[in-house]
Structures are given as structure tokens and as C-alpha cells.
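2 protein chains.
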Amino acid sequence: MRISEVQTPALVIEGAIAQQNIAAMAAALPGTRLRPHMKATKCTSLAREQVRAGHTTFTCATPREVVGMVKAGVGDDLLLANECVDSIRLQEMAALQDNALITVAIDSEETLQAAHAAGIQHVLIDVNVGLPRCGIAPELAGSLADKARSLGKTVRGVMGYEGHLMMVADHSERLAKVEACMTLLRSAANDVGGDIISAGGTGTYNLHDNTGVTEIQAGSYSLMDTQYAQLGLPFTQAVFVIGTVISSSTQWAVIDVGLKSLGMDHGNPSIDGHAVWFCSDEHTTFSPNEGAPPKVGTRIRVIPAHVDPTVAQHDAAWVVNGDDVIDRWAIDLRGW
Amino acid sequence: MRISEVQTPALVIEGAIAQQNIAAMAAALPGTRLRPHMKATKCTSLAREQVRAGHTTFTCATPREVVGMVKAGVGDDLLLANECVDSIRLQEMAALQDNALITVAIDSEETLQAAHAAGIQHVLIDVNVGLPRCGIAPELAGSLADKARSLGKTVRGVMGYEGHLMMVADHSERLAKVEACMTLLRSAANDVGGDIISAGGTGTYNLHDNTGVTEIQAGSYSLMDTQYAQLGLPFTQAVFVIGTVISSSTQWAVIDVGLKSLGMDHGNPSIDGHAVWFCSDEHTTFSPNEGAPPKVGTRIRVIPAHVDPTVAQHDAAWVVNGDDVIDRWAIDLRGW
Numbered sequence: 001m002r003i004s005e006v007q008t009p010a011l012v013i014e015g016a017i018a019q020q021n022i023a024a025m026a027a028a029l030p031g032t033r034l035r036p037h038m039k040a041t042k043c044t045s046l047a048r049e050q051v052r053a054g055h056t057t058f059t060c061a062t063p064r065e066v067v068g069m070v071k072a073g074v075g076d077d078l079l080l081a082n083e084c085v086d087s088i089r090l091q092e093m094a095a096l097q098d099n100a101l102i103t104v105a106i107d108s109e110e111t112l113q114a115a116h117a118a119g120i121q122h123v124l125i126d127v128n129v130g131l132p133r134c135g136i137a138p139e140l141a142g143s144l145a146d147k148a149r150s151l152g153k154t155v156r157g158v159m160g161y162e163g164h165l166m167m168v169a170d171h172s173e174r175l176a177k178v179e180a181c182m183t184l185l186r187s188a189a190n191d192v193g194g195d196i197i198s199a200g201g202t203g204t205y206n207l208h209d210n211t212g213v214t215e216i217q218a219g220s221y222s223l224m225d226t227q228y229a230q231l232g233l234p235f236t237q238a239v240f241v242i243g244t245v246i247s248s249s250t251q252w253a254v255i256d257v258g259l260k261s262l263g264m265d266h267g268n269p270s271i272d273g274h275a276v277w278f279c280s281d282e283h284t285t286f287s288p289n290e291g292a293p294p295k296v297g298t299r300i301r302v303i304p305a306h307v308d309p310t311v312a313q314h315d316a317a318w319v320v321n322g323d324d325v326i327d328r329w330a331i332d333l334r335g336w
Numbered sequence: 337m338r339i340s341e342v343q344t345p346a347l348v349i350e351g352a353i354a355q356q357n358i359a360a361m362a363a364a365l366p367g368t369r370l371r372p373h374m375k376a377t378k379c380t381s382l383a384r385e386q387v388r389a390g391h392t393t394f395t396c397a398t399p400r401e402v403v404g405m406v407k408a409g410v411g412d413d414l415l416l417a418n419e420c421v422d423s424i425r426l427q428e429m430a431a432l433q434d435n436a437l438i439t440v441a442i443d444s445e446e447t448l449q450a451a452h453a454a455g456i457q458h459v460l461i462d463v464n465v466g467l468p469r470c471g472i473a474p475e476l477a478g479s480l481a482d483k484a485r486s487l488g489k490t491v492r493g494v495m496g497y498e499g500h501l502m503m504v505a506d507h508s509e510r511l512a513k514v515e516a517c518m519t520l521l522r523s524a525a526n527d528v529g530g531d532i533i534s535a536g537g538t539g540t541y542n543l544h545d546n547t548g549v550t551e552i553q554a555g556s557y558s559l560m561d562t563q564y565a566q567l568g569l570p571f572t573q574a575v576f577v578i579g580t581v582i583s584s585s586t587q588w589a590v591i592d593v594g595l596k597s598l599g600m601d602h603g604n605p606s607i608d609g610h611a612v613w614f615c616s617d618e619h620t621t622f623s624p625n626e627g628a629p630p631k632v633g634t635r636i637r638v639i640p641a642h643v644d645p646t647v648a649q650h651d652a653a654w655v656v657n658g659d660d661v662i663d664r665w666a667i668d669l670r671g672w
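Here the protein sequences come in this chain order: A and B. Under this note's numbering, the first sequence is numbered contiguously, ending at residue 336. Under this note's numbering, the second sequence is numbered contiguously, ending at residue 672.
Every clue listed holds true.
No more than 25 Å apart at the CA atoms, straight line, and that leaves these computed lysine-lysine pairs for PhoX-like:
#	chain 1	residue 1	chain 2	residue 2
1	B	K489	A	K295
2	A	K153	B	K631
3	A	K295	B	K483
4	B	K631	A	K147
No wet-lab data here; the hints were simulated from the structure.
I would like the entire structure built from these sequences, with the hints used as guidance.
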């Protein structure tokens, strides 16, 4: 099958580039030093490539990701790096604890009790290291771990996501800020115990040599987007949304890629050699930097500004090698 | 079932409010004066309510919407108000022409030929009235209609979407600009012939009394969003995304509603009585205007900034009356 035969809009992954990204990360953070994050890709087929590269532990943002990974038989140590008080979903995960080591993040008495009531055995203390989101205050982490142990839980350690630092442009400033956050996390880890100190993401994966962190939670690196590309990381854009020109005038052209096939929170997507004017529900209007707009029927590659919510809009990705389609990967972990 | 039993994030429609919106629009634009747009709701169950209110003609943005409406038996006159050169999808629609009157918009020789090759019988000329997107230049519309007729097509008329005017804040300025656009459309209609002059949207539905337009394509009015609410229209917010607080600190709380359950192109969603700080993939961080942040487990209603791409993120909507769930409507026309 040729890429020209795929109906648009279509999520397309350059297989060789994704493999290069996966290999580059596996060289930098081999085996369990990386706990690849499934929220970016929501695709067990891609996770299998990460297993082939040597990773066995995975990070998930939703119970559906955890359950889907276990059912697909991918990974043997799955961390729900997010809080959950949904008893049904916690029970679904608990029912799979014989099939994989499942660990659930907690940051409060309520999330501990919910996990406990559902029969979750392994927990990890989520620590706030500066991003105003989930995570317990570092000085309270030890106390929550004690409560968890008093309920018979196994406390595997701590995590602390420095998500507010991913896009700090200057490398040395980013490094200094990451190290300050990780001082908080190490302090909490001392109080909590356990073997795991988990942190990081694609934007800070290479800043943890001296932070004491045992593993990095990065996901976007395998596919990339225009925002992460600004950081000059050794990963290359591997994912695109392909559209077809459906209308063309003397000044602009329109493709069938719009708000419903793109994540828009980081702004407009990009098109090489063209200026993107705006996106509508089912369209993107754009014009070439030089020459006439492309004709009706032309295929156009759109580069997403934010990979995670873009991938989540699609039910499958077409894996290509040049113009040849070599596989179709279901985005089987999307939804909730 | 109670709304508190629904797993989150969940798309929720206040059934009575949606009915009021549908009734208010049907009073203003009864029967075929409104051609409800399915791109906003992508839900045949909601379209059935619009049929009960007297509408029989519908606007679609994608072939999937057209095919889904025919297969659901909703509406008897379906307009694909968008260009398509996908031969497979055009053939899928053509195969259903005995079941409903299906009309496909064209704005070029290429889109005419694609529709013709697939066996589409009814076309409508999409005219550019100022929005830089699809649509042929008004002065060329008659010539394209002639070509269509020479191929044996039935040309039903014209459409011209003044989408660039939907959010012009001042009513009289909006009215004047709409009338100027519609002068272009009427001129094209004179050249094209046919019975239909189709235009408009929720933001301009009440500005067409003297424009010569025969029908309005509005969809968002039934559910509404925070952006359209700024226009002071007689429609009330009927759709929400319900989340559960999963983490709460002294200064903020976090719910399980994020970029993947919201359309973000119009910016952050709103929460009554609270300030939204930011949205992440699976989270929204927010704080109350007064008092302490809500506790873990609290249900929170999020008001989307843009209804169309928000609805398209969900596979179903829960229809509620107060705290009671009265129905579950599949968002069965999403995807492509």
C-alpha cells in the first residue's frame, strides 16, 4: 500500500525516524533508566518497539493505559503516574496484578484509601516539586508513606514531575532549576524509602545525571512535535498528519486537517515551506512561502505543535517508509 | 442512574436546556429555514431532537456525517457543505442516494469531476464570500454550475459561509458585514440558479432577514460554548465536561479533565466560581474565587470554550436532568 492511498486526515509515523528516536533514547537511558510514558503515544505497538530497545517498565497517565498495556502483554512494571479515586477503574487494575507489577501514584489520604479499598498492593508517593498540579508537599510525603505501609501497602518510592521546566529555553537555566526541584524530591525520597525516584520528561531527560533520580518518564521523544523541536534535542520529527488539498485559490489552499485531527493547545501546526493561516473544525488554510498554492488533490504533511493530544485524536497511525505504508498501529490506549 | 455514578471525564448535556435551545431556534427558523449543522454535535440522537422540532434538512462537514445520518434514518435532505475528492467516500455517499437526497458542495473543476466520477447526482456551488477557506470566487460560480449541468448534474443552488464574521462583537457591525457578504452570494446565486441559498451559523443566524438566504447552517446553538455565549444569543450553555477532583492542595485543585477531553483552540475552559490556571494532557488545575479548593472526589463542571472540537473528543454524551442521567447519546458521527 502507498501513502497516497490512505484516506485523509491520517496520522502518519515515519517508522525509521521513530526507531532512531527510540534507539537514541535507549542509548542515553538504557533499560529501566527510562520508564517510557504512554500518555504521549497511547499505542501498544509503539511500546513494543520500546521493549525491543530494552525498556521493560512503563509510565501510564490513565487506568485505561495500564489495563491496555497488561492486556497487550507489553511491559512487566506499569506505573499509573496519576491520581485516581475511581473505584471501578482501580479494581480493574487490581484484578490484573497477577499479570504485571502495577503501581499507583498517591498524593493524599483519599487517594491512598481509594487504592487500598480497591485492593491495589503497590503505591508510589507523588511529590509536588513545583508544578502546580498533583503531588503531596515534599515534607508530608514520608507521613503518607507510613500510612500506606500501615495499611499493608508496598511503597515503591517517589515521583515528582518537573513539568513546568520542560520548555525553559536555556539549557543551563533548565539544568539548575531541575536540580533544585530534585533536591526536594530526594528529600522526600529519604523520608519515604523504596527503590524508585522517578521524574523527568522529554524536555529534561538529559539533565538528571546528578539528581539522584533512578528513572525518567519520557514519552514524546519517540514522535516529537514542533514545540519540543525548539529545544534542540537529538530526536527528529517522526509524526505528521497528512491532509489532502480540497480547495485552492490564487492566494491560499485548504486541506482536510482541522481542529478535530490536531491538538491545538500549543497553537497552530506547521507545514514546511508554507505559512499556516488558521485551522477550522475540519480545515487548515495555508499558503506557500513561494509560488502558487498547491492544487486540489495534493497531499500535504502537517507537523503537529503538540504530539500528545494530536495522537489522541486518531484511532490509528499509518507507519510509513518513504511512500510505502509498512504497518498500521492502533492508537489503542486512547479514551478513558 | 445518577450523574455521580458516571465515570469521568464525561461529556454531559443538560437535556432540558438543549431542548430549549432547539425550540428557540425552531421558532426563529422553522422547518427548512434551518439546516442544522452536524459538525458541532456529531450525534444522530441530538439530530433526532432537531427533527422533532420540525427540521428535515441537515448540513454535514464530512462524508462520515452524511453516511451516518442516512444509516440512522435521520433527515431526508443532507448537504455535504464541504469539498471532497476522496473517491471511496464519494462513492459511499453516492450508494445512499436512493435513501436520502444527498447534495455535495463543489468549488472547482476537480471537485466537480470527483463528484461526477463517483456518481453523485446533486451538487451545490460553494461560493467564497470573504472567509479565506473553501468556495469559488463569486464571479466564477455560474460557469462552474454550467459545467456541472453539462455533466448531467442537478445544481441545487449556492452556499457561502461567512465564518469570519461569527465573532464580530458589535451586532450592527456584524449585520452590515453579513449583508455585504450576502450581496456577493446573491449575485452568484443569480448566475448559478437552483433553489438554495445557504449560509450562516449560530453567530449570524438572526442577521439574514433581508439577505435573500433561504436557509441557515447553524449547529452550535443547541449546546453552546463560552465563546458564543459572549454574543448574547438566546441560547444557554447545555454541554459540560464533568471531572473529578483527584488532587487538592491549600491553593489549587486538579481534575481529571484535560487537553484530551476538551477542544483547546479557543483557549482554556471555564469553571463557575473558579479560576482555571492551565490544562495538561489529562488534568486541569484551578482554584476557587473564594474559600478553600474543593476536596478530592468532588465533581466539577467544566464549560468548554469551543463546543465542536470538545464534543468530537468524546464517544458519548450523558444526557442529564439535574442529577439524574436520562439518556446516553453516542457521538456516533465523529472521526472521518
